[in-house]
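With chain A held as given, fit chain B onto it using these hints.
Those sequence lines, one after another, are chains A and B.
When we follow the working numbering, the leftmost residue of the first sequence carries the number 264, and every step to the right adds one.
When we follow the working numbering, the leftmost residue of the second sequence carries the number 705, and every step to the right adds one.
Possibly wrong hints are sitting among the right ones.
So the derived list for chain A, only partly shown, Cβ under 7 angstroms to chain B, looks like this [said to hold, decoys possible]: (1) E914; (2) T915; (3) V967; (4) M972; (5) D973; (6) T975; (7) A1036; (8) W1039.
No farther apart than 25 angstroms at their CA atoms in a straight line, the calculated lysine-lysine pairs in the DSS-like style are these [unchecked claim]: (9) A/K538 - A/K508; (10) A/K370 - A/K324; (11) B/K958 - A/K1043; (12) A/K538 - A/K342; (13) B/K730 - A/K392; (14) B/K743 - B/K730; (15) A/K324 - B/K743; (16) A/K452 - A/K437; (17) B/K958 - A/K716; (18) B/K743 - A/K392; (19) B/K967 - A/K716; (20) A/K1037 - B/K958; (21) A/K324 - A/K342; (22) A/K452 - A/K1037; (23) A/K833 - A/K850; (24) A/K392 - A/K370; (25) A/K702 - A/K716; (26) A/K370 - A/K342; (27) A/K539 - A/K370; (28) A/K324 - A/K392; (29) A/K888 - A/K833.
No wet-lab data here; the hints were simulated from the structure.
C-beta atoms are modelled at their ideal positions from N, C-alpha and C, and glycine is treated no differently.
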Amino acid sequence: MNDSTVTPIGAAVRRKEDQRFITGKGRYTDDLSRPGQAFAYFLRSPHAHATIRGIDTAAAKAMPGVVGILTGADLAADKIGDLICGWLVTSKDGTPMHMGSHPALAKDKVRYVGDHVAVVIAETLDAAKDAAAAIAVDYEVLPAVADLAAADAGAQIHDNAPRNISYEWELGDKAATEAAFARAAHVTKIDLVNNRLAPNAMEPRAAIGEYDAGDEAYTLWTTSQNPHVARLVLSAFVGIAPEHKLRVIAPDVGGGFGSKIFIYAEETVCTWAAKKVGRPVKWTADRSEAFLSDAHGRDHISHAELATDAAGKILGFKVHTRANLGAYMSTFSSCIPTYLYATLLSGQYAIPAIHCEVDAFYTTTAPVDAYRGAGRPEATFLVERIMDKAARELAIDPAEFRRRNFVTQFPHQTPVIMNYDAGDYGASLDLALEMADYKGFPARRAEAEARGKLRGIGLSNYIEACGIAPSAAVGSLGAGVGLWESAEVRVNPTGNVEVLTGSHSHGQGHETTFAQLVSARLGIPIDQVSVVHGDTDKVQFGMGTYGSRSGAVGMSAIVKALDKVEAKAKKIAAHILEAAEGDIEFKDGRFTVAGTDRSLAFAEVALNAYVAHKFPTSEIEPGLKEGAFYDPTNFTFPAGCHICEVEVDPETGVTRIVNFTAVDDFGVVINPMIVEGQVHGGIAQGVGQALLEGVTYDADGQLVTGSYMDYTMPRADDLPSFKLGLTQTRCPSNPLGIKGCGEAGAIAAPAAVINALADALGTQDVPMPATPAKVWALAKTRAVRQAAE
Amino acid sequence: MYAFDYQRPAALADAAALLKADPEAKILAGGQTLLPTLKQRLAQPTALVDLARLPGLSAIEKTAEGVAIGALVKHAAVATSDVVRAAIPALADLAGLIGDPAVRNRGTLGGSLANDDPTADYPAAVLALNATVVTDRRSIGAGDYFQGLFTTALEEGEIITRVDFPQVERAGYAKFRNPASRYAMAGVFVAKTADAVRVAVTGAGQSGVFLWEEAGDILASDFSPAALARLELDPADLMSDLHGSAEYRAQLVKAMAKRAVAKALA
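In isolation and in its complexed conformation, chain A is listed as follows (with noise of 0.2 angstroms):
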């Protein structure tokens, strides 16, 4: 399939844009550079806590190259608003969520280490650091509450928010899970810690904020995943330009990830800043910065009960989170512990009472926000792990207990809101199985204790809610927007088409897949079809990209747009052809009067369009142009079976997967070796979570996983070569019938990968991540077990 080709939807088109990044072409924020642009350092926090009683800059302002250092107390002069959190989340007893003051530069308290304390803007990035070191804050230290556990026994963090409880949240009906609890033949028992994540984009966060006196307006260049909703959030919440003064520029994005969703108060500061020193500002993170300051995932200790018949049926399921919120609030902190937590906890399962509390804390440690898959890895960790102890205790095999419990009828109304729409769990785990080779597994497991190896199998059904998402339902969830998104096609007189759209790509493959689409449904070269995005003076608004939403919501709008694109040119053709409008069919880029041959090319009637000589303009505009805005009508449910074979080395602790499998239903699939290349790295972070990566602060809040040397990234020799297959289930809700791709592999791979470990060692107790150390002490353990048995 090549760059001149009509390329169909399900073809593995190469991707366009690869080219200009493998070669070094590809321009990021860091690859800009405006005319005398001063560069930016932040000043941090180094305590974890702390009042800051005074900040003494005049040594720091007389140092050379110094051209502006500016605090909290320059940003309160001139009422530049908070940083916001976008979704308000109310309490069980009806009180909304305690939203703690979150400036962009520290007022009076700094909450964690890394926060933002000032900023220096120099000449050079050097003059700058030299400057910083050189500013006096007169700090007051108070204690630290870097453990979630004891979180609301900790100093108070914010003055509203006591016992450093932002909200106490539930979700589901208590009575009737209770009620399905006390006629229960068995109750399964976990308690899970969900480990928190640092998000390790490739490019680390940057921003150039300039500003324009003539114009009197702003343009920042960002890391953003959704520029539209960053010029929102900072025109009319932040308050340093109105809208229309303020674009926003995400160029070429190297991964976020989720952590490039959220408005940050680097780039805040930056735009703000360009005007009061009247110079472009330029900031870009280094490795330590984006440990210590990009938002952080998941980190939950739950506790989960699951009550079965004697059957083995479910019949209830009830679980209490706490969730670590960090210092702040960061713009979507709110919902991912609940909206799009607990909404997925009855899994891939017909569970008929579902309740669960979230208790969300302020901690001194940086914010907490979305991070690949949001919420819904921690629910299938929950689910899928409380499965397979659940499974286990029964003495059923874990597939058939799975099975026993699928949900097999759809549309399928869930205690927790979600209405599954459309799947078939029984084909995804037996494709797995069968990929697996489960039945084969105890002759390999015998193989390997032979040669002094522990094997362990373990299996992860996982669902997930993506193409966020409803406008309606979100709204009435909380949301402080709507989630919706937009396209423009446009069709030059020459009949190449742009396509503009408020979807983002920062390595998904969006200038690939959406020109696909666009060259199927018009009938023209692939390479007829650019794809404009990230840039708020040329695509109109978006939503952005997240929560695997660009192929469902983005892409729908694109269909909506060329649905209207096609039913012009009809009336264009018809016109010219002198037939009927409803005679015009359509097809392979052509436009054919039905039953005869008198026909013409799209870029023919693309021409007819712009030229207007060939129709009557007083009925039918000049120009080929359309745009759409697309809302989806329900999320899209992904969902499938990953399974994962593991070989313990007891002697060192090392756990070598030996097998992964992947099957996945994604519905319609665009683009298969895009998809594929999501799933590859979507695994390799959920293997990440489960064998490698893990953010710890000590008891002083310092952060001790800080940078590679101590932060386990996986690498490539950490990880198997996978055995993905597919199953397709076509989604009803959105025209193309995708589901999305993005974030399943890191859904469902910890629980699979801990499954195996828990299989292998024979203990349920299997903390994340799994490191060596603490497979070897399991390892031991049972080893001690079985000499005593």
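Showing chain B alone in chain A's frame:
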């Protein structure tokens, strides 16, 4: 990075003179530790004295006793040297396990030994093989050279010129990498001569590389992995951190010692 002066002398004596004249100057060899340290502003030397152009420090030579390796020889060169592989194959193996390809093509033997990182690989080989560190002033036996974390017998301004590695009957190196940094969490070099076995351990000790003498004694009478089965290393002097307790490191040292012996026998 803070500003500093840069010097690239053409003769060893000039380098020594520069270092003598400026006690705050630092030697630059491969720079694989020093440059990241400078970039993070964790060091502020007045000057770097780059040894890259000094003659005679980049050779690998067969000697009567074994091999002599110049201080500026890169890890990749040791790993791929026919001379080293013929004389002490385990030393070539070790060099091939250091860091990643970029590090191996810049990092030097002298730089590694002068820095004496407690998780570096070369100190285990130097100590187990009882090599001699030769400087511009004297020769230092391995037993005297290593003196603790990042601490060696080198005096101010003293420059390593080469290391003399004696050939042994058998040797092997096995390393367990820290999952995050990939430095050694336990690296064990086993060297067998006619009358003794020396077992040197890097990555695990609180005070840097050390000789595990009990293991050497047992292996001297029975040079086999099984001989180590009943031996336990006291964790009291081992490191304990986020990645593993001292007890775990003791286990890793034992496991790597067994694997090093197996490699030596292979």
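Hints and how they fare:
1. E914: holds, 5 angstroms
2. T915: holds, 5 angstroms
3. V967: Given a least distance of 6 angstroms, the restraint on A/V967 holds.
4. M972: Check passed: Cβ of A/M972 comes within 4 angstroms of chain B, closer than 7 angstroms.
5. D973: holds, 5 angstroms
6. T975: holds, 4 angstroms
7. A1036: Given a least distance of 4 angstroms, the restraint on A/A1036 holds.
8. W1039: With Cβ-Cβ at 6 angstroms, under 7 angstroms, it holds.
9. A/K538 - A/K508: The given pair, whose Cα atoms are some 13 angstroms apart, holds under the 25 angstroms limit.
10. A/K370 - A/K324: holds, 19 angstroms
11. B/K958 - A/K1043: holds, 15 angstroms
12. A/K538 - A/K342: holds, 14 angstroms
13. B/K730 - A/K392: holds, 23 angstroms
14. B/K743 - B/K730: Holds, at about 15 angstroms.
15. A/K324 - B/K743: holds, 24 angstroms
16. A/K452 - A/K437: holds, 17 angstroms
17. B/K958 - A/K716: holds, 18 angstroms
18. B/K743 - A/K392: holds, 12 angstroms
19. B/K967 - A/K716: Status holds; Cα separation ~20 angstroms.
20. A/K1037 - B/K958: holds, 17 angstroms
21. A/K324 - A/K342: holds, 23 angstroms
22. A/K452 - A/K1037: holds, 22 angstroms
23. A/K833 - A/K850: Within the cut-off at roughly 11 angstroms; holds.
24. A/K392 - A/K370: The hint holds at about 21 angstroms.
25. A/K702 - A/K716: The given pair, whose Cα atoms are some 19 angstroms apart, holds under the 25 angstroms limit.
26. A/K370 - A/K342: Measuring from Cα to Cα gives roughly 12 angstroms; hence the hint holds.
27. A/K539 - A/K370: Within the cut-off at roughly 18 angstroms; holds.
28. A/K324 - A/K392: It holds: about 12 angstroms lies between the C-alpha atoms, which stays within 25 angstroms.
29. A/K888 - A/K833: holds, 14 angstroms
The structure fails none of the hints (numbered hints given earlier).
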